[in-house]
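S.K.: Modelling step: build the complete structure from the supplied sequences, incorporating the hints.
Protein chains in written order, with this note's numbering: chain L, 1 to 96; chain A, 97 to 649.
It is worth saying that the hints were derived from the structure and are not from the lab. Careful, some of the hints might be misleading.
Straight-line Cα separation of at most 20 Å, PhoX-like style, residue types lysine-lysine; simulated pairs [stated by the list, open to error]:
#	chain 1	residue 1	chain 2	residue 2
1	A	Lys184	A	Lys402
2	A	Lys138	A	Lys111
3	A	Lys402	L	Lys69
4	A	Lys184	L	Lys69
5	A	Lys111	A	Lys161
6	A	Lys112	A	Lys161
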Amino acid sequence: MKQHNHTVIELIVNNHPGVMSHITGLFSRRGYNLEGILCGALGEGSTSVMYLLVSLNEQYMQIISQLEKLHDVIELKERSEYDHSVFYKIDSLFAE
Amino acid sequence: MKHTGAEIIIRMLEKKGIRIISGIPGSANLPLYKVLHDSNIKHVLARQEQGAGFIAQGMARSTGKAAVCFATSGPGVTNLLTAIADAKIDSVPVVAFTGQVATNMIGTDAFQEIDTYGLTIPITKHNFLARSAAELLEIIPEAFRIAESGRPGPVVIDVPRDVQLQEHTFDEWPCFHEKHNPAAIEKNNPDTLAITINSARRPIILFGGGIIESASEGLLRQLAEKSNIPAASTLRGLGAFAPSHPLYLGMIGMHGTKYANRLIEQADLVIALGFRFGDRATGKLSEFCKNATIIQVDIDKAEIGKIKPAHQHMTADLYIFLESILPLIEENKRTEWIHQVNFTRQQLPYVKAPVNGDVFHPLRIIDEVAAHVPSDTIISTDVGQHQMWVAMKYPFTMPRTFLTSAGLGTMGFGVPAAIGAALANPGRKVVCFSGDGSFLMNMQEMATIAEEQPNLAILLFNNGYLGLVRQQQELFYDGKFIASQFHAIPDFAMIAKGFGIKSFDMAKEENPLYVLSSALRLKEPVFINIPINYSENVYPMVPPGAANKAMIG
Ligand SMILES: Cc1ncc(C[n+]2csc(CCOP(=O)(O)OP(=O)(O)O)c2C)c(N)n1
Chain L
1 MKQHNHTVIE LIVNNHPGVM SHITGLFSRR GYNLEGILCG ALGEGSTSVM
51 YLLVSLNEQY MQIISQLEKL HDVIELKERS EYDHSVFYKI DSLFAE
Chain A
97 MKHTGAEIII RMLEKKGIRI ISGIPGSANL PLYKVLHDSN IKHVLARQEQ
147 GAGFIAQGMA RSTGKAAVCF ATSGPGVTNL LTAIADAKID SVPVVAFTGQ
197 VATNMIGTDA FQEIDTYGLT IPITKHNFLA RSAAELLEII PEAFRIAESG
247 RPGPVVIDVP RDVQLQEHTF DEWPCFHEKH NPAAIEKNNP DTLAITINSA
297 RRPIILFGGG IIESASEGLL RQLAEKSNIP AASTLRGLGA FAPSHPLYLG
347 MIGMHGTKYA NRLIEQADLV IALGFRFGDR ATGKLSEFCK NATIIQVDID
397 KAEIGKIKPA HQHMTADLYI FLESILPLIE ENKRTEWIHQ VNFTRQQLPY
447 VKAPVNGDVF HPLRIIDEVA AHVPSDTIIS TDVGQHQMWV AMKYPFTMPR
497 TFLTSAGLGT MGFGVPAAIG AALANPGRKV VCFSGDGSFL MNMQEMATIA
547 EEQPNLAILL FNNGYLGLVR QQQELFYDGK FIASQFHAIP DFAMIAKGFG
597 IKSFDMAKEE NPLYVLSSAL RLKEPVFINI PINYSENVYP MVPPGAANKA
647 MIG
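M.R.: Next up, the structure:
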């Protein structure tokens, strides 16, 4: 399933307790929509990967620039080719 | 070698060349103060943490270098927040070290515990919670790099008490990174921008604080002169262009000059340099320079097109940008456009102080002050009518001589910022223009002044009102005056005297202007109360929400 009005931003971030607040705080503070968020630690755990599902609207370029500015964001990739359905099927992770 | 976290902090600050720290101690940062006791860094005891934050801002804004303040946990931090938020929106490099409860107490609602990290995320460029003394060796150089590089901004380092006391063994002190700013990093190269500028018929330069941050006022003037491009400033850009220069249009926006606001609508090209399209400068956005091509250059990529799409843009340090574009700019007389500029300027003359009549007219007082202090005098203001009058009238000729809370508009900024500026620039005069409302918001710092004896004059424009609020109520709220008049008016000159500061009350002087000029010549703290006619309004102005061309008054 691919939704054309949405896209996924992949972030590699420093993994520490405050990093999630930095990312989500940016969205709430600037009034950006955040439709979904998935994240997990990478390798040894000093970095994490985050996938943000966002709408493709006029704010999109601003969101990218503001995220790139965050000190804890090491790398940012735009992942338009992703299958976004995982964000809507998280329930299935818990199925027997 | 072996050092505690507190020792690491103080030694690193010494290595960084920090000479003055403002702050207030409390139980969560006392280990830091114990080490500071034996350091040659001077500590300035503020009387409220907001004062400490603005003292640091005064040092940072006047020198361009990061300044440091200390606060304890809990209320120390919450008091500091306003000054940090103010530094964020005006891009001021302040590094604040805050005490925190011990690591094992965090999250337990301990005495004076507050989530400093969470509270400061939205109001800092970056923040850190130090979890060990070892980490401080990385955090501190990184904090200064972040504060001073690119678009400057405040950084908070929260240091739990046990981390201050923890011992750490290490071989070598880390180095501070050199301030490093990105060069032109965008696809758009200066060539294409130069072509646009060369082929424009009616270009205008609009510059903001970025010109001052990048120390490129000289290059800016060269660009303007080479191609005969008139230039207008924002509130944060004042001081970067000599007011007497024939190409200078003054300030744009709500309290700008009528001709700048008019000419910008006639321009076919707007060259925005370190200007963030703030709403007080643009007025109604859909009307703002709507006939012009926009070139935007900013060091902060996120500013490009944030408010208004730019046709051509570049993310760059303005100094590097201007250096690279200048050789590509053709000399151009622009006779027709310059004629139109001069004609508009004559048609819409700018405000003048009345020649006769009211001695205490604010514009007249500002002229008087400018005539009696050296040109490198640093001026701070509070927020309100007096601030706008100073911005409009004071002839700022040097960068970093005008300290004002532009983006946040924080009443209470003026006095502590002036203290910081005076301490960081010994030998220079500092004058603070304040209002009776704003002055009361950080008046406790008069005690700091009495202690430090800076060469600082505070001029209180005393109108018995929250003047700018009264003006808005008069003009836009049907004259329904509420909560803008002070019915109890303190004797400010007596209060200043009570603090131990030499004071004058111009209401009681036979020859007030003479008293003013001689008071300004004193090299010690002075406080001067100046009665201002309460019904005076700041004109011209753009009504809130209106287009800039709709200026009234
Ligand atoms: C901390 C803070 N609270 C409220 C305001 C809103 N405000 C803006 S100007 C103003 C009046 C300022 O009065 P005063 O300092 O006496 O200056 P005047 O306008 O009379 O020159 C007020 C209340 C503000 N800018 N800052």
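S.K.: Take the hints in turn and mark each one as holding or not.
M.R.: Each hint, compared with the structure:
| no. | hint | in the structure |
| --- | --- | --- |
| 1 | Lys184(A) to Lys402(A) | 17 Å, holds |
| 2 | Lys138(A) to Lys111(A) | 14 Å, holds |
| 3 | Lys402(A) to Lys69(L) | 14 Å, holds |
| 4 | Lys184(A) to Lys69(L) | 14 Å, holds |
| 5 | Lys111(A) to Lys161(A) | 14 Å, holds |
| 6 | Lys112(A) to Lys161(A) | 11 Å, holds |
Violated hints are absent here; each numbered hint is respected by the structure.
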